Amino acid sequence: MTGQIADALGVRLIGDPMVPVSHIASVDNAGPQSITFVTGSRYLDALQQCQASAVIVPESLADRTSIVRLVSNDPYLCYARLTRFWVENSFPVSGGSVHSSATVHESAKLSSSAVIGANVTIESNAVIEDGVQIGAGSFIGSGVHIGAKTTLHPNVTLMHKVVTGEKCEIHSGAVLGADGFGWAPTSAGWEKIYQLGGVVLGDRVSVGACTTIDRGALDDTVLADGVILDNQIQVAHNVSIGENTAIAGCTGIAGSTKIGRNCRIGGAVSIVGHLSICDNVVVTANSFVNRSIKNPGSYSSGFPLEESAQWRKNAVRLHKLDEYVRGLSGKKN
Amino acid sequence: MTGQIADALGVRLIGDPMVPVSHIASVDNAGPQSITFVTGSRYLDALQQCQASAVIVPESLADRTSIVRLVSNDPYLCYARLTRFWVENSFPVSGGSVHSSATVHESAKLSSSAVIGANVTIESNAVIEDGVQIGAGSFIGSGVHIGAKTTLHPNVTLMHKVVTGEKCEIHSGAVLGADGFGWAPTSAGWEKIYQLGGVVLGDRVSVGACTTIDRGALDDTVLADGVILDNQIQVAHNVSIGENTAIAGCTGIAGSTKIGRNCRIGGAVSIVGHLSICDNVVVTANSFVNRSIKNPGSYSSGFPLEESAQWRKNAVRLHKLDEYVRGLSGKKN
Amino acid sequence: MTGQIADALGVRLIGDPMVPVSHIASVDNAGPQSITFVTGSRYLDALQQCQASAVIVPESLADRTSIVRLVSNDPYLCYARLTRFWVENSFPVSGGSVHSSATVHESAKLSSSAVIGANVTIESNAVIEDGVQIGAGSFIGSGVHIGAKTTLHPNVTLMHKVVTGEKCEIHSGAVLGADGFGWAPTSAGWEKIYQLGGVVLGDRVSVGACTTIDRGALDDTVLADGVILDNQIQVAHNVSIGENTAIAGCTGIAGSTKIGRNCRIGGAVSIVGHLSICDNVVVTANSFVNRSIKNPGSYSSGFPLEESAQWRKNAVRLHKLDEYVRGLSGKKN
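Note that the protein sequences, when read in sequence, are chains A, B and C.
Just so we're aligned, residue 599 is where the first sequence starts under this note's numbering, counting upward by one.
Just so we're aligned, residue 599 is where the second sequence starts under this note's numbering, counting upward by one.
Just so we're aligned, residue 599 is where the third sequence starts under this note's numbering, counting upward by one.
Nothing false has been slipped in among the hints.
Because identical chains cannot be distinguished in the list, a pair is counted as satisfied if it fits within a single copy or across any two copies.
In silico DSSO-like cross-links for lysine-lysine, where the CA-CA straight-line distance does not exceed 27 Å: (1) Lys759 / Lys856; (2) Lys747 / Lys790; (3) Lys911 / Lys892; (4) Lys892 / Lys856; (5) Lys759 / Lys747; (6) Lys918 / Lys892; (7) Lys707 / Lys747; (8) Lys856 / Lys765; (9) Lys747 / Lys765; (10) Lys765 / Lys707; (11) Lys790 / Lys856; (12) Lys707 / Lys759.
The set of hints was computed from the structure by calculation and includes no laboratory data.
Please read all numbers here as calculations on a predicted model, not as lab measurements.
Go ahead and model the full structure; you've got the sequences and the hints to work with.
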């Protein structure tokens, strides 16, 4: 009921608190019994045509609809909290349990409130704190420590000695603590450098599906509190990522690079190794970060899309760009 | 025997139908007891030197060899069908079975003809239709619906409420229905937007190894009938992909982008979010799609390869390209 | 004790062989009871301030410290061997065992010295040689052959008929032998070409986490002895990679491309299909390899990073590069 939702989210309600809602919808798709949200006046038309039973609105739109409304300073954040409220009410976590098919080493320490799924393997000396959930088929290596209220979805792999903080979330297919790519060249081929460091996640770190975070060579690979990683990201050994930095899918970060706090790295970015990126940097999608970044701001690279025929012509010219520029007036070069 | 194959494929045979074949080979590697194919006259030399016992040829080459031949209007398609015939005869699917180590929730509905592998987990209210095969170690979440004759290879993860059509194939390591990357910024860090939509696959959709398809935020992520995805592709939340579109490996598609029908997207393409790509578009490998595409055709981007020394010179010039062009005659700019 | 280490590594010790060491550290972080290494004179200051109990040094620095030292012609290689010695002493492999939860087909042949983890599935006619270790949750398909002393970490998938040499290492989430992306176009959509080839790894091949190597269409996908692959690499069907070639993370190699020996391919490189790359080629990170490479050397491509505002200007100019060059003196074009 709308009144309960407003109470749970701590926002002001205008209208009948008994109006029922059965699902959350985007403003364009909102029908009867749905609750939706609008973030500002550019959605005014949508708001006025909306069939929803309830809507989250900013103060500025509080009087522009007759739908039951929840008034928030930040409707998008209020919507985020609504989704959380919704999930927590839809999928209540039951008390602790260990599935009968799980394999748990006798030296592992499991909180009685942890929920361990089917076919999970937990090795020696692992520590699983209160309220942790581990999805089916996940592997927890020797000496791993999983902080309270952390969730691992099914088929996650945490190799030995990986440490997570509290309230982390790790999606399926992710692999934390695989060996970093360290090799010494010899006349007979590559000699493996065994990787002796760990992986340490702070609190509230989110790791996407099929993302990989390698263990450090000697020291640890470190993700600070609040770091959020999308899917299919590669974090190489000894990388560090500062608080609340967000990284979109398919980005790769080579070894020993240090990324600051509150950065936003787009998708499919390639970052070479041994760089430093300062706090508050934005890197747009598909960029190639081939140097350190010392000043906050937005950075980009990448050849934008064009018709293939035109691209082929331009690409040929690009090969000779240096030559062309040399041919221009010597004064500028 | 060659005659049986010709019958199964519905093509005309010239030569002895009793000639035995034991394997399929490329025309260059075809030895005795093999069957091979050639698609046109540019393989005429290869055909005439070929040691195969049987060959699929187009009408135009039907008289250019004395090998036993299967004559087809489309030899490549005929070869595709031959591979299917071969596999179906080599690996006949036995009747339905559930491996004793599988964990199946009592509320899940399994067809008696489904084959469920070792250590599979199937959660509440999942529906598994006729002839489905689920490989070892796969996870099937609550409320998942898998259409008839769909195959999941080992170690696939389908999170809750994912829906597949009929005759889909999902390769190992793929993760469907992980959370989309939705976050609201706050002064204290990122607030998760719980993802309430689903993932819906049409019929005959193929998903490659370690490909990830996220669930939608509120609405669904949708792949239409006949979509084929290679390995290590990332499909973000609320993407839609139209019928028979093919996407090669390592491509990433950001959130809410709509891709039309019959498109061919190359490997390692990055597509930013909230774009529309119309039907019948080709995007070549390694392109960066940073704008919507409204007209069918072929599109490209990307800096082509050169020697590193030359690249470094050109790259330096590229940084100042705008400045150089401004220095040219004002008439063109 | 330092003396035992020197003996194990076969290097000269200067100082007290009874000095104990408890861990390996980088020279900057080395404290008491640690052993570290320096590779040359640029670390001389660090060496002289170092608190380590022991250090690996080159001959040229053998007299520049009073710390107990191991003198090596190649300190980096000596360090690599030290890490191996350390791991082999820290994690001794016990005798062969098959976990009670593993599912092993009666026709599979397992060496008595193989170690098979929890929830592993091994199908018909697989052969597992001496000293192989298979991590929890891994899947070993029908007819797979795993060479002696090969290690599979948890949650690896080897589909049917994959063959590995000896002393290979395959990290978690890797998938070998998924179907290559082979499809024949028809008027009704894509017709699958069933993939009948295999995947063959030589000896000492390393495969990173979530890396995928597809089976060949008719012939095999082949990685020669000593090839090392980092995480999240895609190797398409019928690729071949020559001895001791190293490939960094997130690189994709399209079908039928042949890569020579002793190449070093950087991270996030895209290599199109049906190319040949000769021996001893270096490709730098983020390059787009869109043509064959016939001569050894270093190759690059990629638009280097700049501030977004500058990039937007340059990108606009790039679209018209051909036009600008045509406008320049006709002599050069």
